[in-house]
Amino acid sequence: MSPIIEHIFRFVSLLLIQSFLLKNLGYYNLLTPFIYILFILRLPSRISEFLLYTLSFFLGLMVDMAYNTPGLHASACLVLAFVRNLYLKIALSKDKADYDSEINMGTMGTRWYFIYITFMLFIHHFSLFLLEVFRLNDLFFVIIRTILSSAFSLFLIAIIEFLFSSRKVKI
Amino acid sequence: MRNLLLFIERYRSVILFVIYFSLSISILVFNNSYQRSSVISSSNAFMGSWYAKVHDIESYLSLKQTNDSLALENARLHHLLKRSFFNQKRDTGSVNRLLYKQRYTYLVAEVINNSVHQKNNYITIDKGAIQGVRKGMGVICPSGIVGIVINVSENFSVIQSLLHKDTRISAMLEKNRSFGSLVWGDKIDSRKAVLRDVPSHLKIKKGDKVITSGFSLFPSGIPIGCVLRSGVRGGSYFWDIDVLLYTDFSNLQYVYVVTDKMSEEKAVLESNNKQE
Numbered sequence: 019m020s021p022i023i024e025h026i027f028r029f030v031s032l033l034l035i036q037s038f039l040l041k042n043l044g045y046y047n048l049l050t051p052f053i054y055i056l057f058i059l060r061l062p063s064r065i066s067e068f069l070l071y072t073l074s075f076f077l078g079l080m081v082d083m084a085y086n087t088p089g090l091h092a093s094a095c096l097v098l099a100f101v102r103n104l105y106l107k108i109a110l111s112k113d114k115a116d117y118d119s120e121i122n123m124g125t126m127g128t129r130w131y132f133i134y135i136t137f138m139l140f141i142h143h144f145s146l147f148l149l150e151v152f153r154l155n156d157l158f159f160v161i162i163r164t165i166l167s168s169a170f171s172l173f174l175i176a177i178i179e180f181l182f183s184s185r186k187v188k189i
Numbered sequence: 077m078r079n080l081l082l083f084i085e086r087y088r089s090v091i092l093f094v095i096y097f098s099l100s101i102s103i104l105v106f107n108n109s110y111q112r113s114s115v116i117s118s119s120n121a122f123m124g125s126w127y128a129k130v131h132d133i134e135s136y137l138s139l140k141q142t143n144d145s146l147a148l149e150n151a152r153l154h155h156l157l158k159r160s161f162f163n164q165k166r167d168t169g170s171v172n173r174l175l176y177k178q179r180y181t182y183l184v185a186e187v188i189n190n191s192v193h194q195k196n197n198y199i200t201i202d203k204g205a206i207q208g209v210r211k212g213m214g215v216i217c218p219s220g221i222v223g224i225v226i227n228v229s230e231n232f233s234v235i236q237s238l239l240h241k242d243t244r245i246s247a248m249l250e251k252n253r254s255f256g257s258l259v260w261g262d263k264i265d266s267r268k269a270v271l272r273d274v275p276s277h278l279k280i281k282k283g284d285k286v287i288t289s290g291f292s293l294f295p296s297g298i299p300i301g302c303v304l305r306s307g308v309r310g311g312s313y314f315w316d317i318d319v320l321l322y323t324d325f326s327n328l329q330y331v332y333v334v335t336d337k338m339s340e341e342k343a344v345l346e347s348n349n350k351q352e
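Top line first, the protein sequences correspond to chains A and B. For the first sequence, the numbering used here begins at 19 and goes up steadily by one. For the second sequence, the numbering used here begins at 77 and goes up steadily by one.
Mixed in with the good hints, there may be bad ones.
[Stated by the list, open to error] Selected chain A positions facing chain B (Cβ under 7 Å, derived; list incomplete): (1) Thr-50; (2) Leu-90; (3) Leu-96.
[Stated by the list, open to error] Cross-link-like lysine to aspartate or glutamate pairs, in silico, EDC-like; alpha carbons within 20 Å at most: (4) B/Lys-211 to B/Glu-186; (5) B/Lys-195 to A/Glu-150; (6) A/Lys-41 to B/Glu-186; (7) B/Lys-241 to A/Asp-156.
Read the hints as simulated data drawn from the structure, not as lab findings. As the structure is a prediction and not an experimental result, all values here were calculated from the model. In this text, a Cβ means the ideal position worked out from N, Cα and C, and glycines have one as well.
Model the full structure from these sequences, guided by the hints.
And the structure:
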């Protein structure tokens with residue numbers, strides 16, 4: 019499968035899973051998984067910045083349509099895209115970035131990949147929940163929600179990765 | 077000029093981020109729950125039709141429960157029919173229908189999108205402006221009240237559920253008819269709400285019934301829930317009563333949109349009052 023078709027397929031399927039299945043899943047509002055951001059995290063590291071921000075913005079808007087929260091997920095996705103750029107600049111060595119632009123478990127190694135996913139989940143969930151309450155009084159509640167929800171999302175993403183990732187040989 | 081271009085080239089990433097982020101934040105801030113743009117919500121045609129399709133499949137799975145609740149409600153309505161009352165006064169004959177004027181009418185709608193796990197919950201139903209739903213109408217279900225219509229498109233409407241931090245509903249205790257306002261408050265449980273502003277000299281027992289007061293959008297006397305626990309917040313003269321809701325928001329199937337035929341008349345009369 020060509021990479022572009024793979025990304026489009028991931029965009030559509032994650033959006034459907036998020037808005038029809040995961041929306042009904044959760045424990046009160048402490049545990050609310052958001053796995054659609056896997057699409058942003060899996061975009062190639064050499065993607066143009068304009069494309070990255072545009073895709074993040076529209077992915078967020080589509081999720082907002084399903085969740086009735088205009089602008090909320092879009093903002094959180096943009097924060098995520100911004101932090102992702104910084105993270106990849108620091109964490110990817112120059113030769114590796116040039117050699118292979120794709121980010122997945124096979125090319126990056128399981129350990130590197132899951133540290134990356136965990137960090138990004140925290141950033142996204144924290145900004146999302148903070149923007150949702152829109153004040154700093156409930157910081158403790160926001161942090162609890164972030165930790166619990168990120169753990170749940172990480173669990174779901176791990177299942178997806180181990181089920182569907184193509185087993186490439188690690189170089 | 078050249079320096080400016082160099083600057084833009086160097087900080088391209090940050091500039092792009094700021095532009096997009098301020099765009100999305102402004103969407104977020106300017107769309108609070110009352111002036112919600114109907115484009116980015118599940119009442120627009122695209123998302124609405126998809127949720128309707130998925131709901132068709134989902135509704136098959138709970139046909140039995142739906143049937144049970146409909147049968148129960150049928151039974152309750154049979155109780156109310158004129159023919160189920162025994163006429164003790166033989167000589168008066170028929171009841172004069174002109175004495176009773178219909179005030180509330182009900183429109184059945186199916187729930188096609190629902191949430192209970194968010195901080196502010198919304199429900200989408202499959203009736204809209206064409207069928208006569210208007211912004212601000214109340215919505216009830218066989219077991220209690222559901223919420224208030226906040227956004228209407230041609231064929232769909234979005235309801236601000238009782239499980240929303242801005243929803244306040246006028247309610248009272250059935251026993252002594254003292255009223256307060258029912259809010260979800262800062263709860264996270266979808267079965268519990270709080271009745272506020274009831275004077276603290278009244279005796280309140282666990283299990284007392286809470287019903288609608290009839291002051292706002294809903295007819296009076298619709299059961300909402302029962303008292304779970306009551307207590308006074310420090311230094312206050314009012315009870316904070318925990319209410320267990322009869323409605324289970326997580327498996328809502330059919331709801332009724334309440335149309336109040338005299339609401340306009342009442343609103344005009346009451347606004348006259350304020351002007352004087």
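Is the Cα-Cα distance between A/Lys-41 and B/Glu-186 20 Å or less?
-> With a Cα-Cα distance of about 19 Å, the restraint between A/Lys-41 and B/Glu-186 holds, given a limit of 20 Å.
Quick one, are B/Lys-241 and A/Asp-156 close enough, alpha carbons at most 20 Å?
-> Distance of about 14 Å is within 20 Å: holds.
Does the nearest C-beta of chain B fall within a distance shorter than 7 Å of the C-beta of A/Leu-96?
-> holds, 5 Å
Straight-line Cα separation of B/Lys-195 and A/Glu-150 no greater than 20 Å?
-> holds, 8 Å
Hey, B/Lys-211 versus B/Glu-186, does the alpha-carbon distance stay inside 20 Å?
-> Holds, at about 17 Å.
Closer than 7 Å between Cβ atoms is the bar; does A/Leu-90 clear it against chain B? Give me holds or violated.
-> Nearest chain B Cβ about 5 Å off; hint holds.
Taking the least C-beta to C-beta distance, is A/Thr-50 closer than 7 Å to chain B?
-> OK, holds: A/Thr-50 within 7 Å of chain B, min 6 Å.
Checked against the numbered hints above, the structure violates none of them.
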